[in-house]
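Asks: Residues per chain are reported as follows:
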Amino acid sequence: MSDSPAPLLRVDALAVRYHATRDVLQDVSFTVEAGDTLGICGESGSGKSTLVRSLLGLLPAGRGEIRWHGRAMARFGRADWARLRRGAQPVFQDPLASLDPRMRIAAILAEPLEVHRRDLDRAAREARAAAQLERVGLDAGVLGRYPHELSGGQCQRVCIARAMIQQPEVLVCDEPVSALDVSIQAQIIGLLERLQRDAGTTLIFVSHNLAVIRRLCRRIIVMRQGRIVEEGRATEVLAAPRHEYTKELVAAVPALPRRGYGVSTSSTHSPAGPTTIPARRPS
Amino acid sequence: MCSIPAPVLELAGLGVRFASSGGAIAAVADVTLTVSPGECVGVVGESGAGKSQALLAPFRLSASRAMVSGRAAIEGRDLLALDEPALDRIRGSRVGFVFQDPMSTLTPHLTIGAQLAEVLAHHGKARGVAARHRALTLLERVGLDEPAHRLDQYPHQLSGGQRQRVAIALAIACDPLLLVADEPTTALDVTVQAEVLSMLGALKRARELAIVLISHDIGVIGQLADRVYVMYAGRVVEEGAVAALLEAPAHPYTAALLACLPRMDDPLDVPLASIPGQPPDPRALPSGCAFHPRCPRADDRCRTGMPALEARGARTVACHHPCIG
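Those protein sequence lines, which keep their order, are chains A and B.
In terms of the numbering used here, the numbers along the first sequence are unbroken and rise by one, the last being 283.
In terms of the numbering used here, the numbers along the second sequence are unbroken and rise by one, the last being 325.
Calculated directly from the structure, the hints in this document are not laboratory data.
Treat the hints with caution; some may be incorrect.
To be verified - One side of the interface only, derived from the structure: several residues of chain A facing chain B at Cβ under 8 Å:
hint, residue
1, Val182
2, Leu195
3, Arg197
4, Asp198
5, His208
6, Arg258
To be verified - Listing some non-contacts, in silico: residues in chain B with all C-beta distances to chain A over 10 Å:
hint, residue
7, Ser93
8, His122
9, Gly160
10, Asp175
11, Arg205
12, Ala256
13, Pro262
Glycine is no exception: its CB is placed at the ideal position from the N, C-alpha and C atoms.
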């Protein structure tokens, strides 16, 4: 039992307090195994973003313990920090704010490789950047552009490409689709689904949108006022919530009529992927 | 059938254009929209679809350089012909407005009571003690807890949901016929959003209040609206009763918008549908139907000819190949 390897991430009784009086996180404990997908949901002020920042070491350490690969962050040495900085890649809500406005996309993508992969020469770095760009569905034409010349959805793809180019163990996304239009949101969800499936990257995904979490995550944590009120398999928790607050959250999701119109049968598949738009009758 | 009541708001062939160095940009083109007394009309579309411009520019609440053409009338009065003082008597009095961010609607250094009193006095509805009494009633009507206590509080002392309730109280202070709500719940938590939508529904029923609900979220529209207009690239592409439209969308864009919204009852083995590409830049609209580059049903006819908005049964749709007969 004790010889089983340490999980990728173990959070034990984490508590974070701002201004000496306000408890933002209290007694938060959970484990993430490598390759798993964890959704963290809750409303504003529930502590989701504080939790994410704590995991990434972007906040002063709170009480309790965060262990990556069994090593406590409080005792991290230089090499541990370097491993975390490369291995845990964040994607935030506002993609434009996450990209340096004075750098071209090519430089934005190459920068992490210059830091973490000194073994690669310039040509190899550029080849990787171009390949990664293709993987997130952008063409090489954007390499010479600046962030402000791209749409919000394109910028978010660049952010995801920059995160994935370092072949991270875990992608930590904080509301990555909340600022995007519905049609673009679906594209990014599809992209994250595909990347997770292909690369097996662990996903920690913070969102207030339960339907998005249900689609992307195997497990879910429901937070309220800094505490975990419910956790479990996402499909089970959302289909039959036990905690009153989770029930409230699920009930508040605007209901839409069931999809009734030709839900992607193989005959209506377009080469671009499944669609629920019925194909036109030949005239 | 009995006579149809005169519409509260009527837009006909409305255009909103902005001058730019490369010539005029049409943000809204040929929008025709009516709102009947006591009806909630939803306007849905993605960013840049022109939904806010179409509803705000006729009230001169858009940028001052917006060039508005066509017809816009409130209770039969031509809005575009009114001078500023006449328009001022309509805005905030006959028509109330609620926006996404209540903090930018509320004055930070005035108490809630003072702000409500100001609106009531400006439109000559009430002053002094009468205004305070009226303000109290309004806060009760929008479901704010401890209304008497709230009157003396400042906006920063309230939560986002409480502030939006105050903003709605301000908008309905003068008993308007019409409330224009532009993304009123977008900045709110889902549970608060559900409360605010149900409160708006109660106001609509109790006061015969007509509402225009502008939202990017078709799920939100479905909660409150009776009828919905779907906008794409500055134009209305589909209009119809909300339940029927959500059940069986006629325009491929509406169908795609509904298809790519993740739902709580989706089967997880079927990948989420998505619309390729992105909404078009109004400075460079595609030829023909503006949706054709993203549409799985498009053919040559769609690339060259813009489809007219036509009635198909109880639905209006602008498409050469609609999804319903």
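Asks: Indicate, hint by hint, whether the structure satisfies it.
Replies: Hints versus structure:
1. The beta carbon of Val182(A) is positioned within 8 Å of a beta carbon in chain B (closest approach about 6 Å), and the interface hint is therefore held.
2. Below 8 Å, beta-carbon pairs count as interface contacts, and Leu195(A) has none with chain B, the closest being about 13 Å; its hint is therefore violated.
3. Residue-level restraint check for Arg197(A) is violated (minimum Cβ-Cβ distance to chain B is 10 Å; threshold 8 Å).
4. Given the 8 Å rule on beta carbons, the hint for Asp198(A) is violated: about 13 Å separates it from the nearest Cβ of chain B.
5. Because the beta carbon of His208(A) sits about 7 Å from the nearest beta carbon in chain B, less than 8 Å, this interface hint is met.
6. For Arg258(A), the interface hint holds, since its Cβ comes within 8 Å of a Cβ in chain B; the closest pair sits about 7 Å apart.
7. Distance check on Ser93(B): its Cβ is at least 32 Å (rounded) from any Cβ of chain A, clearing the 10 Å threshold; non-interface status holds.
8. Every CB of chain A is more than 10 Å from the CB of His122(B) (nearest about 33 Å), matching its label as outside the interface.
9. For Gly160(B), the condition that its CB be more than 10 Å from all CB atoms of chain A is violated, with the nearest at approximately 7 Å.
10. Residue placement check: Asp175(B) keeps its beta carbon more than 10 Å from all beta carbons of chain A (closest about 29 Å).
11. The claim that Arg205(B) is not at the interface with chain A holds, since no C-beta of that chain comes within 10 Å of its own (minimum 19 Å).
12. Here Ala256(B) does not stay apart from chain A, with its beta-carbon only about 6 Å from theirs, under the 10 Å limit.
13. At roughly 4 Å, the least C-beta separation between Pro262(B) and chain A is not larger than 10 Å, which violates its mark as non-interface.
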